[in-house]
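For reference, the chains in residue letters:
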Amino acid sequence: MEERINIENYEAYLLDYLEGGLSEEVKEELLYFLATHSELKEALEEYEEVRLVPPAEDFEGKKTLRRADLAFESIDELNAQEAMIAYREGDLSSRQQQVLEDYLMQNPGRERDFLLYGKVFLKPPVDVFSKKHDLYKKERKIIVWIPAAAAAIALLVVFSFFLRQQERPAVTKVADVTQSGAAAPAATPVQPKKTVAAAENILEKENVTAQSTGHPLPYEKSKKIYRSTSPSRKVTKKDDPLVVTRPRQEIAAMSLPVRVLPLPVTAGEQVLIIPERTLTDLPAGDIDLLAEKTGLRIKKNLLKKDHIPRHTPKEVFFNGLAKINTATGLNLNYERVEEPDQGREYVAVTTSFFSYIRKKKENK
Amino acid sequence: MTVREYNRSVEDHADHIFRFLLGSLRQRELAEDIVQDTYEKLWRKRENVSYEKVKTYLFTTAYHTMIDRLRREKRMISMEETEAQERIEEMGSPDLNEILHEALGKLPPDQKAVVLLRDYEGYTYREIGEITGMTEAQVKINIFRGRRFLKNYIGSIEALV
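Heads up: the protein sequence lines correspond to chains A and B, in order.
For reference, each letter of the first sequence is one residue, going 1 to 364 in this note's numbering.
For reference, each letter of the second sequence is one residue, going 1001 to 1161 in this note's numbering.
It is worth saying that the hints were derived from the structure and are not from the lab.
Predicted, not measured: the structure shown is a model, and the values here were computed from it.
Cβ atoms here follow ideal geometry from the backbone N, Cα and C, with glycine treated the same way.
Hints are supplied without guarantee of correctness; some may be wrong.
Listed below are the simulated DSBU-like cross-link pairs for lysine-lysine, each with C-alpha atoms no more than 35 Å apart in a straight line [unchecked claim]:
1) B:LYS1106 x B:LYS1041
2) B:LYS1055 x B:LYS1106
3) A:LYS131 x B:LYS1106
4) B:LYS1055 x B:LYS1041
5) A:LYS138 x B:LYS1106
6) A:LYS131 x B:LYS1055
7) B:LYS1045 x A:LYS138
8) A:LYS119 x A:LYS131
To give an idea of the interface, some chain A residues facing chain B are shown, with a C-beta separation under 8 Å as derived from the structure [what the hints assert, rightly or not]:
9) LEU30
10) ARG110
11) TYR117
12) PRO125
13) LYS132
14) TYR136
15) LYS137
This is chain B alone, in the form it adopts within the complex (with noise of 0.2 Å):
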């Protein structure tokens, strides 16, 4: 990959890998971390890399790294999963788009992730299982599990209202 063509991965898809980050982790300032360390690696191994692939690249690396940072600050983002249940109580009335998104953070990272994936890229099962490294019917497992999670969520809320 020409550094034109990195240059041209950043403006296209850099936007994508953070909301994909910022969706799953709700720390923005994480997310940010979690880019810039995804473009460093692909920066590196840029020659191994072609531009067809680099989006697959970028989120496959984003994931891992995402994955990797969780299973290592498993404490500081329990504290912050606190804070986004304190937080559903200030919304006020949200809509459904918030809801959706607070009840996503209430998903396990794999669940969360794969719905990410599929609602804001529109990836395939299969493509999904590539980046994840999940099969695809652990990827479609995860789907609907998650899915069913935010049925019965905003069902609830519903209900409420």
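One chain only, chain A, in its complex shape (with noise of 0.2 Å):
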């Protein structure tokens, strides 16, 4: 008959042994083997040096894991704390409060506690936020307008067309006339000379008006106010620039470098900031329409900071900036600085202008 232990199998024997899980049986077979197995005996004793034997020590803090009543039917050594609280908290019935009143009474010594109690109530300081000027938005009533301005720009547009189109015809027929040399109709007796002199002080007047004073005629003037007085409506479209009224050659000198903090990088939100006194010069509307364009979440650095240490993986700044450059026609500068981070590579931006956020995914 083949043996159930043996040297292969031993050990797992041995440690069910020593758990105390084996049978009789099993346990006098193991017994056997390594009676027969002198060498085997030294790992007996070892095994046995290894055991953990458990402290006699008691949990200290068993009392205060023991449940206090909180109805307050009675109050003791164990709730009265949560009793003078619920007291001042004002959570109390009247029955409740008298209850404690009486314990107060029987214990004096507890006194003391129940009058700090009393104090332990935050008065709110009196600072206010400073900034809050910047947090105020504009009310768009130029939505409201924009149909009766537009309405009325097309019917000013419409006017002085037609204005035009009766004034040029008779201008350009008696011009025809006087040139030709041939003779007016009977039915419309006219005096060439005057009405030819007439007419050319008419062009003339315009001419002179639009070459001295740079204002076009008044279609293109129409024109002109309809575009001036939306300027924002021009980038709507993903491909139009943005309307930026500050220099650009100044924005760009204004733009700050960037340097890499060396500090871990934590899942969240990810900032861009790029150089203050920019973008922050735009109307609300247009950073409103530069996030749509760019696909990104920005925001004005309202609070106008110098240095905000926040994290952004590199791929996602340079993205960012490339594509606030193409948006807005910019060529912002940054020194790149790059340090390796178990094999990516982020970049810190010490310097504000405006910054976008966007929700990282786990850095795996």
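Please assemble the complex out of the two chains, which come individually in their own frames, going by the hints.
Next comes the structure, spelled out in structure tokens:
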């Protein structure tokens, strides 16, 4: 008959034996096996030596695990503190208050605690948020009057066009007649020289006005007005340029360097910040449209901070900056310093201009 | 929510949010930054937030943004706390409210936030639970623990005096 315990598997039986998990029959078999293999006796002794003996120490905080009677039917040492706090919080019924007051009468040593609990309520400081004015948003009444303004401008355009149409044929007709030397029809007697002079005067007057003032003719003027009253409408299409009033060279000169901060990067919001004073001057509507164009969340750096130590993955930062440059037609400069971080590089931007935020994926 | 209502929420609640954050963080610049972020989030979600619910929305957003920041900037905050400990020694003879605020700085963020919401804003346990995402029982426990710590703290100062 084949033996159950052999040199290959005896350790498994040995562990069971030490754990007290062997039946009497198998235990006898194991002991017999160990007796016949004197070299393994030492192994048994070693195993017995490494067995941990639990300390006889009791959990001192056991009494803190006891549950206090928080209904405060009666007050004792265990629930007195809670009752006092609840009293000060205004959570106790009049009956519970009476129970506590009776307890305090009987335990004058507790009165100090009760008095102290009456003092632990914080009063709000008088600090005010000084940057509140930066949070206000302008009401976009423009939306309401755009249709009305457009209708008025359209009427103006039509009217001025109609006026010019009325004037020009008369001039042309008279001029044609004069140049060809033909007589005017009898039904419409005109005085050619006088009319030509009048016509020339009209045309000359219009040209002089346009050249001297730099203002275009009425129709052009209308178009100009329409554009200038709604500049932010220009960037609703992704390919349109964003209107930036500040000179580009000036803006480029304002961009400040980027540097790497050796802090750990964790998952969360990623923020790109570019030097202030440039796009912060743009109206809020244009910032929104820039965000729409670039597909980024952009916020103005209203608090105008110079140092915001947040991290942006390298690719997010450079892609974001490239998108902004494309959208604005700017060429914002940065000094790129790279530092490997477990195979992935990050940059931190230390200056402020405006920022965009996007959720970063978990860094696995 | 209309733009006018949004602006009214700035007028009505920005100071309260700021005080709550300042009390919790004890860092003016970080508190200001979170107020700005909170209103930025409100502006972007204004169409989904009614004016009636805006105060709770603002406190909820501010609280969670603060907790996120604290987790991320743990190192920085612990430095600030060290500075706060040094400050109390420089305070000379502060009044009770100042001592309480110093003690508040030593509470864990959860306890600190619930005590502030309770004392500054007078929120109920249920409302604080809505803002912080805790159960009403958890809020109560945190307030009780916070109060007990504050009591022991001012008790020890009083004993010293």
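Restraint status (C-alpha distance of LYS1045 (chain B) to LYS138 (chain A) at most 35 Å)
holds, 17 Å
Taking the closest Cβ pair, is TYR117 (chain A) under 8 Å from chain B?
With Cβ-Cβ at 5 Å, under 8 Å, it holds.
Was the hint right that LYS137 (chain A) lines chain B, CB cutoff 8 Å?
holds, 5 Å
With 8 Å as the cut and Cβ atoms as the points, is ARG110 (chain A) at the interface with chain B?
violated, 12 Å
With the threshold set at 35 Å, check whether the alpha-carbon distance from LYS138 (chain A) to LYS1106 (chain B) stays at or below it.
Distance of about 41 Å is beyond 35 Å: violated.
Given hint LYS1106 (chain B) paired with LYS131 (chain A) - CA-CA distance at most 35 Å
Satisfied, since the Cα-Cα distance of roughly 28 Å is no more than 35 Å.
Restraint satisfaction for PRO125 (chain A) [CB to CB of chain B, less than 8 Å]
holds, 6 Å
Would you mind confirming whether the straight-line C-alpha gap from LYS119 (chain A) to LYS131 (chain A) stays at or under 35 Å?
holds, 33 Å
Holds or violated: are the alpha carbons of LYS1055 (chain B) and LYS1106 (chain B) at most 35 Å from each other?
Given pair LYS1055 (chain B), LYS1106 (chain B) holds - Cα atoms ~27 Å apart, limit 35 Å.
Taking 8 Å as the limit, does the beta-carbon of TYR136 (chain A) come near enough to a beta-carbon in chain B?
holds, 5 Å
Pair hint outcome, LYS131 (chain A) versus LYS1055 (chain B) [Cα-Cα no greater than 35 Å]:
Holds: LYS131 (chain A) and LYS1055 (chain B) sit about 19 Å apart, inside 35 Å.
Under 8 Å, Cβ to Cβ, is where LYS132 (chain A) needs to be relative to chain B, so tell me if that hint holds or is violated.
holds, 5 Å
The structure shown violates the earlier hints numbered 5, 9 and 10.
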